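2 protein chains.
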Amino acid sequence: MNSELTLYGYWRSSAAYRVRIALNLKGLAYRQEPVHLVKDGGQQHQAAYRELNPQGLLPLLVDSGNAGGELRIAQSLAILEYLEEVFPVPALLPADPAQRALVRSLAMHIACDVHPLNNLRVLQYLKTELGVADEAKDAWYRHWITLGLGAVEKGLEAFGSKLSLGSRPGYLEACLVPQVYNARRFDCDLSSYPRILDIAARCDALEAFRNAAPEAQPDAQ
Amino acid sequence: MNSELTLYGYWRSSAAYRVRIALNLKGLAYRQEPVHLVKDGGQQHQAAYRELNPQGLLPLLVDSGNAGGELRIAQSLAILEYLEEVFPVPALLPADPAQRALVRSLAMHIACDVHPLNNLRVLQYLKTELGVADEAKDAWYRHWITLGLGAVEKGLEAFGSKLSLGSRPGYLEACLVPQVYNARRFDCDLSSYPRILDIAARCDALEAFRNAAPEAQPDAQ
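Chains as they are written, first to last, in the UniProt record's numbering: chain A, 1 to 221; chain B, 1 to 221.
Chain A extracted, bound-state conformation (with noise of 0.2 Å):
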């Protein structure tokens, strides 16, 4: 498969995190090209990333080498759902239908449920259209990841002490370590998460997850 791949993100958006994560499980080159949420009102908004990706929302990836013309994927979870058909080893989801539906039920509660309540559009709004306070609006955020993480922490059950993948990660942790991320970025409890912090700890010591992470990012500030 003659692919190159573009990907237009930010270095903290958690979206972009995932994606990032498993271009990186899946040894896939790739090229960056940083949109920022906040400098010039927010580039996502301009014009040319709007031509690009009229969703206005990071990531976005462009696979310049796609057999029917350039392609344009919005939306995090539908390009891994694409690297996972086009380049589909290593795996980020298991073989088994079940399983499969496991991980992508835990994924997509925080891909749906917890993480578009907490984005930087949203907390905009809640700041100048409604007028909620900074201490409100922070306990928005710590509101939704703790109902979103607990129900993350009881599904892990199933998986016993194996990531999903048994021996090594994929789809799931590609979302859950970047909504970690976030919890911590926003000072949230997690002690009450042991699955969620030993799964997190784990993929933090590899490099596919180092090398996403957004600090090691070229337009970290």
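The reader is advised that the hints may include incorrect statements.
No farther apart than 30 Å at their CA atoms in a straight line, the calculated lysine-lysine pairs in the DSS-like style are these [as the list claims (entries may be wrong)]: (1) 154/A - 127/B; (2) 127/B - 127/A; (3) 127/A - 162/B; (4) 26/B - 162/B; (5) 154/B - 39/A; (6) 26/B - 154/B; (7) 39/B - 154/B; (8) 137/B - 137/A; (9) 137/A - 39/B; (10) 26/B - 127/A; (11) 154/A - 137/A; (12) 137/B - 127/B; (13) 154/A - 39/B; (14) 39/A - 154/A; (15) 137/A - 127/A.
From the derived model, a few chain A residues whose C-beta atoms are all more than 12 Å from chain B [what the hints assert, rightly or not]: (16) 31; (17) 89; (18) 147; (19) 166; (20) 186; (21) 194; (22) 202; (23) 204; (24) 211; (25) 213; (26) 218.
Computed Cβ-Cβ distance ranges for the label pairs, DEER-style [as the list claims (entries may be wrong)]: (27) 85/A - 29/B: 25 to 35 Å; (28) 201/B - 161/A: 47 to 57 Å; (29) 192/B - 129/A: 20 to 30 Å; (30) 215/A - 64/B: 42 to 52 Å; (31) 215/A - 129/B: 27 to 37 Å; (32) 41/A - 160/B: 30 to 40 Å; (33) 210/A - 39/B: 47 to 57 Å; (34) 194/B - 41/A: 45 to 55 Å; (35) 124/B - 138/A: 12 to 22 Å; (36) 3/B - 161/A: 28 to 38 Å; (37) 216/A - 69/B: 24 to 34 Å; (38) 210/B - 124/A: 36 to 46 Å; (39) 189/A - 189/B: 38 to 48 Å; (40) 194/B - 215/A: 19 to 29 Å.
Hints were generated in silico from the structure; no laboratory data involved.
Keep in mind that this is a model prediction, so the values were computed, not measured.
Note that beta-carbon positions come from the ideal geometry of N, C-alpha and C, so glycine has one too.
Given the structure of chain A, go ahead and fit chain B onto it with the hints provided.
Positioned in the frame of chain A, the structure of chain B alone reads:
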């Protein structure tokens, strides 16, 4: 495949509506277990349901015919992916990975960046914890729908005047039609989205969609 499917849902739950459409498109029989989102303080919060689904959200699909033991899948898109893998015909997704990526990108924009912000628990938090007035809450609701549907309308250009599977609807329409239903329920102006309106009208004429509609469910009020 010896499957016995039970869907825990609620007639007006947009995410449960997606799964009903998918099950109907695949011609799969299923039993419904209504979980009332308001009665009894929200039956999704009760211990009996949380034991089945620690995420405490709808829908939940239980497959009691799964070879490895009863399988419980939370998250509507994880359910759609499972159904696609276990009951591949008729397909909900195109065969080509690039086309699949475009479908998932639009569907996930709805499922990740529009719907979760307008979920009942979020509206309740805005009102109860943040003291947001009804008018501002409705503006919030319409704001995220307007942003999201605008991006989807633009993304639909890639499909020309076709449905996501050419002459047939699938994964994309299963996410789009329930979102249009919600938008109408909250009096959003949809006149700027002719492609979306066309798709919704074509889908609403099909039995699989009509039988999945909120008002057609046994627990509709």
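Structure-based check of all given hints:
Simply put, residue 154/A and residue 127/B have alpha-carbon atoms about 29 Å apart, close enough for the 30 Å limit, and the pair holds. Distance restraint check for residue 127/B and residue 127/A: the Cα-Cα separation of roughly 15 Å lies within the 30 Å cut-off, and the hinted pair is therefore satisfied. For the proposed pair residue 127/A and residue 162/B, the alpha carbon gap of about 41 Å is over 30 Å, so the pair is violated. For a cut-off of 30 Å, the pair hint linking residue 26/B to residue 162/B stands: about 20 Å separates their Cα positions.
Note on residue 154/B and residue 39/A: the hinted pairing holds, with a Cα-Cα distance of about 26 Å set against a maximum of 30 Å. The suggested pairing of residue 26/B with residue 154/B holds, with an alpha-carbon distance near 28 Å, which does not exceed 30 Å. Pair hint residue 39/B plus residue 154/B does not hold up; C-alpha atoms about 39 Å apart against a cutoff of 30 Å. Between residue 137/B and residue 137/A the alpha-carbon distance is near 16 Å, which keeps this suggested pair within the 30 Å criterion.
Among the hinted pairs, residue 137/A with residue 39/B is consistent with the structure: their alpha-carbon atoms are about 29 Å apart, no more than 30 Å. Taken as a hint, the residue 26/B and residue 127/A pair is broken in the structure, with Cα atoms around 44 Å apart against an allowance of 30 Å. The straight-line distance between the Cα atoms of residue 154/A and residue 137/A is roughly 26 Å, inside the 30 Å bound, and the hint therefore holds. Between the alpha carbons of residue 137/B and residue 127/B the distance comes to roughly 8 Å, so the proposed pair stays at or under 30 Å and holds.
Pair hint residue 154/A plus residue 39/B holds up; C-alpha atoms about 25 Å apart against a cutoff of 30 Å. Proposed proximity of residue 39/A and residue 154/A is contradicted: the alpha carbons are some 39 Å apart, above 30 Å. With a C-alpha separation of about 8 Å, the suggested pair residue 137/A and residue 127/A falls inside the 30 Å cut-off, and the hint holds. Remark: the non-interface label on residue 31/A is consistent with the geometry, its nearest Cβ contact in chain B lying 19 Å away (cut-off 12 Å).
Listed as outside the interface, residue 89/A is consistent with that label: its C-beta sits roughly 15 Å from the nearest C-beta of chain B, beyond the 12 Å cut-off. With a minimum CB-CB distance of about 8 Å to chain B, residue 147/A fails to clear the 12 Å threshold, and the non-interface call is violated. For residue 166/A, the condition that its CB be more than 12 Å from all CB atoms of chain B holds, with the nearest at approximately 15 Å. A cut-off of 12 Å between C-beta atoms confirms that residue 186/A is not in contact with chain B; the least separation is 17 Å.
Here residue 194/A stays apart from chain B, with its beta-carbon at least about 16 Å from theirs, past the 12 Å limit. No Cβ of chain B comes within 12 Å of the Cβ of residue 202/A; the nearest lies about 22 Å off, and the non-interface call holds. Listed as a non-interface residue, residue 204/A keeps its Cβ farther than 12 Å from every Cβ of chain B; the least gap is roughly 25 Å. Remark: the non-interface label on residue 211/A is consistent with the geometry, its nearest Cβ contact in chain B lying 24 Å away (cut-off 12 Å).
The beta carbon of residue 213/A is kept farther than 12 Å from every beta carbon of chain B, the shortest such distance being approximately 23 Å. Every CB of chain B is more than 12 Å from the CB of residue 218/A (nearest about 25 Å), matching its label as outside the interface. Separated by about 29 Å at the C-beta atoms, residue 85/A and residue 29/B satisfy the suggested range of 25 to 35 Å. Residue 201/B and residue 161/A have their C-beta atoms about 52 Å apart, which keeps the hinted 47 to 57 Å range intact.
In this structure the supplied range 20 to 30 Å holds for residue 192/B paired with residue 129/A, their Cβ-Cβ distance being about 21 Å. Separation of residue 215/A from residue 64/B is about 47 Å and conforms to the stated range, judged on CB atoms against 42 to 52 Å. Between residue 215/A and residue 129/B the CB atoms are about 33 Å apart, so this pair conforms to the stated range of 27 to 37 Å. About 34 Å separates the C-beta atoms of residue 41/A and residue 160/B, a value consistent with the hinted range of 30 to 40 Å.
Between residue 210/A and residue 39/B the C-beta distance comes to about 49 Å, which sits within the given range of 47 to 57 Å. Between residue 194/B and residue 41/A the beta carbon distance is about 30 Å. The supplied range of 45 to 55 Å is therefore violated. With their beta carbons about 19 Å apart, residue 124/B and residue 138/A fall inside the hinted range of 12 to 22 Å. Separated by about 30 Å at the C-beta atoms, residue 3/B and residue 161/A satisfy the suggested range of 28 to 38 Å.
For residue 216/A paired with residue 69/B, a C-beta distance near 41 Å fails the hint of 24 to 34 Å. For the hinted restraint 36 to 46 Å between residue 210/B and residue 124/A, the CB-CB distance of approximately 40 Å keeps it satisfied. With their beta carbons about 43 Å apart, residue 189/A and residue 189/B fall inside the hinted range of 38 to 48 Å. At about 46 Å, the beta-carbon gap between residue 194/B and residue 215/A misses the expected band of 19 to 29 Å.
In this structure, the earlier hints numbered 3, 7, 10, 14, 18, 34, 37 and 40 are contradicted, and the remaining ones agree with it.
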